[in-house]
Amino acid sequence: MYRKKIKLMPILFLLPSIALLLVFIYIPLIQNFYNSFFDFSVFSQTKTFVGLENFKVLLTDKVVSVALLNNVKYAIISVVFQVGIALVLAYILEDRIFSKIAPFFRVVYFIPVMISISVIALLFGFVYNPQMGLLNSFLELVGLESLAEVWLGNSTTAIYAVIAMSQWQSIGFITMLFIVAIQKIPKELYEAADIDGAGKIRKFFSITIPQVREAIFVNTLITITGSMLVFNEPYILTNGGPGFSSMTMSVHLYQTGFVKDNMGYASTLAVIIFILTALLALIQIRLSRTGKDD
Amino acid sequence: MKRLMSILVIAVLMLSLVACSSSASNGEKTSSNKDVVEINFFHRWPNEPRKSFYDQKVKEYMKAHPNVKINVDSVLNDSYKEKIRVLVSNDNLPDVFSSWSDSFAQNLVSSGRIMPLNDILAEDKEWSDKIIESQFSGFTFDGKTYGVPFTVDGKAFFYNKDIFKKNNIEIPKTYDEFIAVLDKLQKAGYETPLVEGLTNAWAISHYMGTIFQRVIDPAVTAKDYNEKTAEFTDAGYVKGLEIFKELTKYMGDVSTAIDHEAARNMFASGEAPIVYMQFAEIKMVEDQSKMDFGFFDFPEIEGGKGDPSELTGAPEGWMLSKNAPKEAVDFLKFLTSEETAYEFTKVDGQLNAIKGAVDEGNTSPAIMEAYQIVLNASKTTPWFDNAVNIKLADIFMRGGQSLANGQETPKGIMKEVQTEAKRLKK
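Residue numbers (numbering that gives the first Met the number 0), protein chains in the order written: chain A, 0 to 293; chain B, 0 to 425.
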């Protein structure tokens with residue numbers, strides 16, 4: 000009798016979260032797969048079954064290739080800056096020399112994370128403004144007028160301008176995660192290295208990196224899946240333009256669905272994004288498992 | 000005790016879930032406490048002066064009708080188009096909201112959630128007869144009227160009279176003359192003799208709509224703008240896009256990075272001598288600077304098959320949700336009454352479709368001139384992004400940005416349009 004009740008308890012505890020997950024994640028996910036085989040509009044309730052037609056369109060859609068490439072650029076640059084440089088930043092901030100001023104800098108780096116992305120995007124709109132923008136004015140001030148660009152209006156620079164902004168914003172967050180990881184490293188390791196006469200750079204490569212390996216995996220996972228889903232930054236800054244040069248998959252999805260009112264094809268795009276992120280996550284989880292073993 | 004607590008917690012959680020879902024379905028208008036009727040009012044002007052104007056009007060109305068509570072919400076142009084599409088797909092559609100005419104309105108109507116207004120218009124002749132009849136056409140589908148037109152508009156090139164005088168420039172009558180004027184202005188030191196904020200997709204569509212209307216035979220556009228017969232194979236489209244491309248050359252590099260508001264500011268500050276703008280913007284320019292400006296219609300294009308005196312511009316108006324309470328109808332009448340309209344034009348400067356609500360008393364001479372142009376136009380062409388299916392319009396608008404950047408050719412864009420048109424017909 001008593002035992003039975005015990006077994007009921009965990010299920011009861013899980014119920015609310017399972018219900019929430021089902022209603023807000025799994026059922027919409029399955030419904031989305033189902034929708035991707037139809038052609039329909041938000042305005043009408045009728046759906047016409049088109050089979051794999053949407054997927055065929057996907058293969059000929061040249062916006063998709065531009066968007067995917069932009070997502071890849073986003074991922075590569077983000078991994079270099081947010082994981083690579085953030086780790087170096089964290090290591091420097093945790094160094095004994097900076098122990099006095101480190102808390103101040105930690106706050107400085109973390110402030111952008113706390114500002115709403117919409118606000119940041121609007122601010123950077125001013126920074127990149129071709130007529131009175133900070134960036135071009137600065138370049139002019141230091142005598143580099145030749146480098147001044149119409150940052151958001153030029154199809155080659157637009158996507159990089161957008162990426163640069165999100166590096167500025169997110170680096171503090173990843174740095175914070177690395178700081179926590181570095182603080183967990185036993186001090187004895189560093190002391191032993193000191194006795195062996197290792198320098199700062201040696202210690203970084205031989206102690207810090209192997210010790211924060213798990214954190215590196217997790218952060219890479221966060222940044223890469225985040226880059227596949229990036230939406231706010233390009234949407235607010237450029238709306239995918241000029242043309243569709245700074246389009247990302249999510250912006251393309253949104254515009255197909257809510258601007259062009261092509262819900263079926265938008266669902267297809269969502270399926271692709273889901274498969275890509277799920278694959279990436281699987282690969283990385285696999286990789287980080289092997290990391291745990293040794 | 001512990002167990003009791005946990006069961007309680009779970010119960011609360013489950014209850015809140017249930018409460019969430021039920022409140023979502025109950026939240027549908029007319030909350031019946033104490034006979035206060037709630038009206039959700041959604042418009043597209045979070046910017047001044049209209050925001051204050053409507054806030055003020057809503058306050059006035061609520062004061063006169065204490066049993067009505069009006070919730071106002073507003074978002075700007077392109078975002079409005081997106082938001083209203085989301086809202087119309089479920090039952091949370093606001094009771095009274097603004098809409099463009101033609102295909103934009105038609106899309107909303109096809110959701111089946113918009114109230115047909117024929118009976119309401121027929122019932123209150125005193126009110127409906129005040130509205131200029133011709134403006135209803137953009138809101139009428141299959142003999143049913145779904146919207147009440149309120150503002151009327153037109154598009155023309157605004158030019159800086161002082162700069163024109165200083166450089167001895169006459170108003171161009173033909174497209175070739177227009178290009179000559181732009182060249183002359185560029186030689187005179189104006190980096191961007193013509194300017195536009197090409198990040199605003201609609202601004203591109205306004206250009207294209209006019210150019211296509213001037214260049215292409217109206218019978219061809221009539222066929223192509225209807226998605227069931229669309230082909231877009233006429234050579235005029237390529238020519239039209241080439242004209243657009245030629246014009247963007249005069250807009251400078253900045254044009255693809257700025258919005259229309261920035262372009263208007265450049266005009267008001269005298270930096271750009273010509274901008275293609277709506278009559279609705281006259282007051283904004285007047286408020287910003289003391290400069291003397293005039294306007295001329297898009298010049299005649301040699302060899303064009305369209306009527307060169309047709310005016311691009313379409314009314315905007317109000318729509319009601321199907322489940323709107325009758326108080327919302329009354330509020331709509333209040334919004335489109337002669338007094339409101341008169342004051343609206345006085346505050347905002349935009350012309351309205353209510354008879355007797357525009358005169359010398361509430362406008363400037365420039366606006367009166369524009370009003371005459373609107374009234375005298377042989378015909379009006381709706382905004383291009385409202386005239387064609389949005390999927391096609393999107394290719395044209397994004398293509399326009401790529402054209403300005405030199406990333407795409409007119410022929411490439413038309414090829415894409417043709418494939419999409421074929422797909423739509425299926």
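Check before you lean on any hint, since a few could be wrong.
[As the list claims (entries may be wrong)] Okay, the calculated bits of chain A under chain B, using three or more residues with CB under 8 Å as the criterion:
| no. | region |
| --- | --- |
| 1 | 151-158 |
| 2 | 206-216 |
| 3 | 255-264 |
[Said to hold, decoys possible] Here are the simulated lysine-lysine pairs, BS3-like style, with alpha carbons at most 27 Å apart:
| no. | chain 1 | residue 1 | chain 2 | residue 2 |
| --- | --- | --- | --- | --- |
| 4 | B | 82 | B | 244 |
| 5 | B | 50 | A | 46 |
| 6 | A | 46 | B | 345 |
| 7 | A | 46 | B | 82 |
| 8 | B | 186 | A | 61 |
| 9 | B | 143 | B | 354 |
| 10 | B | 321 | B | 124 |
| 11 | B | 160 | A | 61 |
| 12 | A | 259 | B | 172 |
| 13 | B | 143 | A | 46 |
| 14 | B | 321 | A | 259 |
| 15 | A | 61 | B | 143 |
| 16 | B | 58 | A | 259 |
| 17 | B | 124 | A | 61 |
| 18 | B | 390 | A | 55 |
| 19 | B | 345 | B | 332 |
| 20 | A | 259 | B | 238 |
| 21 | B | 186 | A | 55 |
| 22 | A | 259 | B | 164 |
| 23 | A | 46 | B | 354 |
| 24 | B | 238 | A | 46 |
| 25 | A | 259 | B | 289 |
| 26 | A | 46 | B | 421 |
| 27 | A | 55 | B | 421 |
| 28 | A | 61 | B | 354 |
| 29 | B | 50 | B | 345 |
| 30 | A | 259 | B | 143 |
| 31 | A | 259 | B | 186 |
| 32 | B | 390 | A | 61 |
| 33 | A | 55 | B | 425 |
| 34 | B | 160 | B | 143 |
| 35 | B | 289 | B | 183 |
| 36 | B | 50 | A | 55 |
| 37 | B | 186 | B | 164 |
| 38 | B | 354 | B | 222 |
In short, the hints are calculated from the structure, not lab data. If you're wondering where the values come from, they're calculated on a predicted model, not measured in any experiment. For each residue, glycine too, the CB sits at the ideal point set by N, CA and C.
Against the structure, the hints come out as follows:
Here the region 151-158 of chain A counts 4 residues with a CB under 8 Å from a CB of chain B, which clears the bar of 3, and the coverage holds. Counting residues of the region 206-216 of chain A whose CB falls under 8 Å from any CB of chain B gives 0; the rule of at least 3 is not met. Counting residues of the region 255-264 of chain A whose beta carbon lies closer than 8 Å to any beta carbon of chain B gives 5, which reaches the threshold of three, so the coverage claim holds. With a CA separation close to 31 Å, the supplied pair residue 82 of chain B and residue 244 of chain B exceeds the 27 Å bound.
Between residue 50 of chain B and residue 46 of chain A the alpha-carbon distance is near 39 Å, which puts this suggested pair outside the 27 Å criterion. Taken as a hint, the residue 46 of chain A and residue 345 of chain B pair is broken in the structure, with Cα atoms around 47 Å apart against an allowance of 27 Å. Our distance criterion of 27 Å between C-alpha atoms is met by residue 46 of chain A and residue 82 of chain B, whose separation comes to about 22 Å. The hinted pair formed by residue 186 of chain B and residue 61 of chain A fails the criterion: a straight-line CA distance of about 40 Å is larger than 27 Å.
Pair hint residue 143 of chain B plus residue 354 of chain B holds up; C-alpha atoms about 22 Å apart against a cutoff of 27 Å. Note on residue 321 of chain B and residue 124 of chain B: the hinted pairing holds, with a Cα-Cα distance of about 21 Å set against a maximum of 27 Å. Pair hint residue 160 of chain B plus residue 61 of chain A does not hold up; C-alpha atoms about 45 Å apart against a cutoff of 27 Å. Of the pairs offered as hints, the one joining residue 259 of chain A and residue 172 of chain B is violated, with about 37 Å between alpha carbons and a cut-off of 27 Å exceeded.
About 25 Å separates the Cα atoms of residue 143 of chain B and residue 46 of chain A, which keeps this hinted pair within 27 Å; it holds. Note on residue 321 of chain B and residue 259 of chain A: the hinted pairing holds, with a Cα-Cα distance of about 24 Å set against a maximum of 27 Å. Note on residue 61 of chain A and residue 143 of chain B: the hinted pairing is violated, with a Cα-Cα distance of about 40 Å set against a maximum of 27 Å. Proposed proximity of residue 58 of chain B and residue 259 of chain A is contradicted: the alpha carbons are some 36 Å apart, above 27 Å.
Distance check on the hinted pair: residue 124 of chain B and residue 61 of chain A sit about 54 Å apart at the alpha-carbon level, beyond 27 Å; violated. Our distance criterion of 27 Å between C-alpha atoms is met by residue 390 of chain B and residue 55 of chain A, whose separation comes to about 18 Å. For the given pair, residue 345 of chain B sits about 19 Å from residue 332 of chain B by alpha-carbon distance, which is consistent with the 27 Å threshold. For the hint pairing residue 259 of chain A with residue 238 of chain B, the CA-to-CA distance comes to about 26 Å; that is within 27 Å, so the pair holds.
Between the alpha carbons of residue 186 of chain B and residue 55 of chain A the distance comes to roughly 51 Å, so the proposed pair goes past 27 Å and is violated. Note on residue 259 of chain A and residue 164 of chain B: the hinted pairing is violated, with a Cα-Cα distance of about 45 Å set against a maximum of 27 Å. Note on residue 46 of chain A and residue 354 of chain B: the hinted pairing is violated, with a Cα-Cα distance of about 44 Å set against a maximum of 27 Å. This hinted pair does not check out: residue 238 of chain B and residue 46 of chain A have alpha carbons roughly 38 Å apart, beyond 27 Å.
Between residue 259 of chain A and residue 289 of chain B the CA atoms are separated by roughly 41 Å; this puts the pair beyond 27 Å, and the hint is violated. With a C-alpha separation of about 19 Å, the suggested pair residue 46 of chain A and residue 421 of chain B falls inside the 27 Å cut-off, and the hint holds. As the CA atoms of residue 55 of chain A and residue 421 of chain B are separated by approximately 15 Å, the hinted pair is consistent with the 27 Å bound. At roughly 50 Å between alpha-carbon atoms, residue 61 of chain A and residue 354 of chain B are farther apart than 27 Å, so this suggested pair is violated.
A hinted pair counts as satisfied when its Cα atoms are at most 27 Å apart, and residue 50 of chain B with residue 345 of chain B qualifies at roughly 14 Å. Distance check on the hinted pair: residue 259 of chain A and residue 143 of chain B sit about 26 Å apart at the alpha-carbon level, within 27 Å; holds. A hinted pair counts as satisfied when its Cα atoms are at most 27 Å apart, and residue 259 of chain A with residue 186 of chain B does not qualify at roughly 42 Å. Between the alpha carbons of residue 390 of chain B and residue 61 of chain A the distance comes to roughly 15 Å, so the proposed pair stays at or under 27 Å and holds.
Between residue 55 of chain A and residue 425 of chain B the alpha-carbon distance is near 15 Å, which keeps this suggested pair within the 27 Å criterion. The straight-line distance between the Cα atoms of residue 160 of chain B and residue 143 of chain B is roughly 45 Å, outside the 27 Å bound, and the hint therefore fails. Note on residue 289 of chain B and residue 183 of chain B: the hinted pairing holds, with a Cα-Cα distance of about 25 Å set against a maximum of 27 Å. The suggested pairing of residue 50 of chain B with residue 55 of chain A is violated, with an alpha-carbon distance near 46 Å, which exceeds 27 Å.
A hinted pair counts as satisfied when its Cα atoms are at most 27 Å apart, and residue 186 of chain B with residue 164 of chain B qualifies at roughly 15 Å. In summary, the hint linking residue 354 of chain B to residue 222 of chain B is not supported, as the alpha carbons are separated by about 33 Å, beyond the 27 Å threshold.
The structure shown violates the earlier hints numbered 2, 4, 5, 6, 8, 11, 12, 15, 16, 17, 21, 22, 23, 24, 25, 28, 31, 34, 36 and 38.
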